[in-house]
Amino acid sequence: MPDALPPLAALARRGPLDRASPVPGVTLAPPMRRVALHGDMSFYAGIPLPRTPLRAALSDETAILWLGPEEWLVLAPACDNVVPGNGSVVDVSHRQVGLHIEGYRAETLLNAACPLDLDLDAFPVGACTRTVFGKAQITLWRRDAALFHLEVARSFAGYVHALLREAALEFGAG
Amino acid sequence: MKFTFDGRPYEARRGDTLAAALIRNGVHLMGRSFKYHRPRGVLAAGAEEPNALVEIDRGGARRTPNLRATVVEVFDGMVARSQNRTPSLRFDVGAVNDLLAPFLPPGFYYKTFMWPIGAWAKLYEPLIRRAAGLGRAPDLPDTDRYTQRFAHCDVLVIGAGPAGLAAAAEAAAAGMRVMLCDEQAEFGGSLLSDPAAAAGLHETLAALFANPRATMLCRTTAFGIYGDNLVGLAERVTDHLPDPDPALPRERLWQVRAKRIVVAAGAIERPLVFPGNDRPGIMLGDAARIFATRYGANPGRNAVVVTACDTGADVARDLAASGVRIARVIDLREGFRVTGTSGRLRVSFIGIERGGAREKIPCDLVAMCGGWTPSIHLYSQARGKPRFDAALGAFVPDTEVSNLICVGACAGDMPGAYRAGIAPVSSEGRAFVDFQNDVTAKDLELATREGFRSIEHVKRYTTTGMATDQGKTSNINALGIVAGALGATIPEIGLTTFRTPYTPVTFGTLAGHSRGDLFDPVRTTPMHQLAVAAGAVFEDVGTWKRARYFPRAAEDMHMAVARECRMVRDSVGMFDATTLGEIEVVGADAAEFMNRVYINAWTRLAPGRCRYGVMLGENGFVMDDGVVGRLAPDRFHVTTTTGGAARVLAAMEDYRQTEWPELRVWLTSVSEQWAVIAVQGPRAREALLPLVDGLDISAAVMPHMSVVEGTFLGIEMRLFRVSFSGEMGFEVNVPADYGHAAWEAISARVGACQGGLYGTEAMHVLRAEKGFIIVGQETDGTATPDDVGLAWAIGKAKPDFIGKRSLTRSGMSGPRRQLVGLRTDDPATVLEEGAQITATTDDNRPLGHVTSAYGGATVGHSIALAMIESGRDRLGATLQVRMPGRAIAVRVTAPVFYDPEGARLDA
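Protein chains in written order, with our numbering: chain A, 1 to 174; chain B, 175 to 1081.
Quick caveat, the hints were computed from the structure, so don't treat them as lab data. Quick reminder that beta carbons are idealized off the backbone N, C-alpha and C, glycines included. Be aware that a few hints might be false.
What the hints assert, rightly or not - Listed next, the stretches of chain A that the computed footprint assigns to chain B, with coverage defined by at least 3 CB atoms under 8 Å from CB atoms of chain B:
{"hint": "1", "segment": "34 to 48"}
{"hint": "2", "segment": "52 to 65"}
{"hint": "3", "segment": "85 to 99"}
{"hint": "4", "segment": "105 to 112"}
{"hint": "5", "segment": "130 to 137"}
{"hint": "6", "segment": "141 to 148"}
{"hint": "7", "segment": "162 to 169"}
What the hints assert, rightly or not - List of simulated lysine-lysine pairs, BS3-like, C-alpha gap at most 30 Å:
{"hint": "8", "chain 1": "B", "residue 1": "K285", "chain 2": "B", "residue 2": "K296"}
{"hint": "9", "chain 1": "B", "residue 1": "K285", "chain 2": "B", "residue 2": "K616"}
{"hint": "10", "chain 1": "B", "residue 1": "K616", "chain 2": "B", "residue 2": "K534"}
{"hint": "11", "chain 1": "B", "residue 1": "K433", "chain 2": "B", "residue 2": "K296"}
{"hint": "12", "chain 1": "A", "residue 1": "K135", "chain 2": "B", "residue 2": "K433"}
{"hint": "13", "chain 1": "A", "residue 1": "K135", "chain 2": "B", "residue 2": "K719"}
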């Protein structure tokens, strides 16, 4: 039996955008606990689930996004554990990458490749939905008037980030 | 500002179009026509221009052909060139076509290039290709950037003339989100050539620009209307700038979803059809006026105005006010007829006749006022049906289009002076209708004599309206001539279809960001950088990059793959299996759901065990496969093929929601959650043992086809005991962010066990030696489970599963193509995948084809899998694989070449 190896957790996690060059107005969200919820549920970890279609509930550091009938996405601090529930509760923390798109040009930048109407009247603070950014599927949530949280599957993160960089170029990168 | 045209330097004023600047410099000869190479000047002053097509050269790849000089804005240092002439615009040898014109009637191509057949490829096609097209296409990759933007608004106003501006101002005042676009460099449309309108225009624009809810887009052409009020706008961002900021895109595509569309596209003046109406210096009356008043570029000193309506008087008045001498205003309504013109490179005389009295009038400018055609292009694209307005001599919007209105001149809303009806035509001699494609009135009459009745056929036969200007100035005149020749009315002749784009749009604008690395997402696994560092050669699998093999110094692919295969068979290899699709199926009815989706029986699969699952389409044919692990009574971890991941999840979700809503089961894609590292080979257990934190992975506790949740150096892990290689094998699943570190840890252990990395190519060879199929390679959408030897997987006691009923249809059993192995006499001969197989070399009836073929790294001979008619009845038979010029004899074998008992799997 060889010597005991150091635990892997001691090594740094590696995300798909660790080495990506920065894009003005775009920041990488920290690692998160992401949980996909399905089923006839009312609460997750004591937080009431939002019942209004395409709206997110924010409770302390935990956001819960309504994505479909009986379907939610939980975005919680990375240290939170997954709490079982009545239905399907699946940990998808590593499935996605979060990006924050911030600033008065956030809507314009997103509309380079996202066909949704992001006007505040049409997509108010708290709105969330699955949509596309170019050829990638994303989940978009408006945290604030000028702050969007974008979730993208990790293997599409490089593409989405590079497309944001290309679209941001005309606003003066760097 | 300075610019050059065909190498000669000229001066321009700020705001000039190239046409205006050339005219001010006395240059009227700007192009050569397509077919006859006739010398041509401008006909129009706007986007409808058919003649003055030029090339703008910004150096290197930035060379754009076929631009209309009437819309190109001059910038300081611009280099412009004429086209379709050799060696020069003034002397063009192609003009010999003009002398041959009597022998080049419409349909000349169809009539001439018929025989001998052999001359087509060698003579005619190269000749036609050389003659085709006007400009030179750039031959270097486009170095400019193009961007795209989606937008929404309450009202999109297309055209910023008086009607469009009024509509935009009103909508903006009502608090609506407004977008206003205009193809010109400045807003104002016809107001720009009316000095009296300047103050009012300035005031309206100031209010709109100050409104934060209004988006103002000049140099922006609305080129197409698509479903549900989606409008395509092409914005030219930097073409007018001498030295554009490289951060700016050259052009921007706007895809605008508008609640309401206001089309205020205006109207286009029509030329008059008379002999010799195409010489430089003969232009539309309104164009002459625009050059004189808006640009201060008098298009001549001595003008004759020929008119079919009252606007001729206005043109004469405005030209005179600009200092042009008006030699004569000839009103065709007074019985005059134009008999011809003269002047080689510029008009010098115009001949007229009335009541037998002929006269030649010297002039250097002929202004033609043939009436006005409303620009109903966008209305028509939006499925509006126009009606013919005889007074106007043009089609105007008629049927309603929801949420779209036409206003101003494009709605036919024009003063009486503009109403010319269909102007009289003098078709003797060469009276041009379509200027760019050189279609004359006689050509159209000839087409009708040759039997063409429909305007769509006449158009294709004569090419009228088919040039880059799409007949903006010519279509109504052509209709009038065809109607006259057939003795029919214009509504009876009909109208050709208006298609997108309104004016040419660059490929760059349409492609936008989707070029190079952004053409498609490039998906990589969490271990990608490690594979790169290990020298992997990658292959594209869908949008994924997968490591195909890892060559060492001097190894070619064959050698590398052979080494990787032997390594797996002899010691241990590791492989990145992250790209496989993974779905977590959770809920009280999860097993029942699985029973319905897969052909296999799942109810009695114990938690902790795995099963190879096969999924059919409703047609009974194999759709996907993969190993499924049962983690708990209500939780399955399903794997799919890499390519089938999204499709399989979508199909499952479709059934779940629409067919079986009563089942308490839910699906979650976890493909991207897990990094998956396959460790395969007789020393796989030894390699993994120190990494799994004391987990018992002995054969007794963790046999082939089992799954366990544990930890990997302290990190959450799902460990599968599965094999796609035929050796003892594990698949380590760790959360994706830890894939990199886990790969490094396993790599060190695998190295210590004399193992290493292998890629997809070795994986393919290893599985083929075992006769494991790949869905999409052995199957082609017409293979039943039995065809590929998987009938054993069918849960016979199940009442139903997707595709079950189709399996009982006639033709789904009996003599079908079945999976077999093939051996060649020469062990070194590798068959070709896709090659057809027959019984003998005399018999050409295909029995099947080779689906997989490899050198066979460990079995000592080449191997192949094939789908062959009644293949299992032919075991031992010799068949022929037909290759170009020869045949290869093969012996039919069972499809398993290696360890047929499967003893190595259970080690």
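Hints, verified against the model:
no., hint, in the structure
1, 34 to 48, "holds (count 3)"
2, 52 to 65, "violated (count 0)"
3, 85 to 99, "holds (count 10)"
4, 105 to 112, "holds (count 3)"
5, 130 to 137, "holds (count 3)"
6, 141 to 148, "violated (count 0)"
7, 162 to 169, "holds (count 5)"
8, B:K285 / B:K296, "18 Å, holds"
9, B:K285 / B:K616, "18 Å, holds"
10, B:K616 / B:K534, "24 Å, holds"
11, B:K433 / B:K296, "55 Å, violated"
12, A:K135 / B:K433, "26 Å, holds"
13, A:K135 / B:K719, "17 Å, holds"
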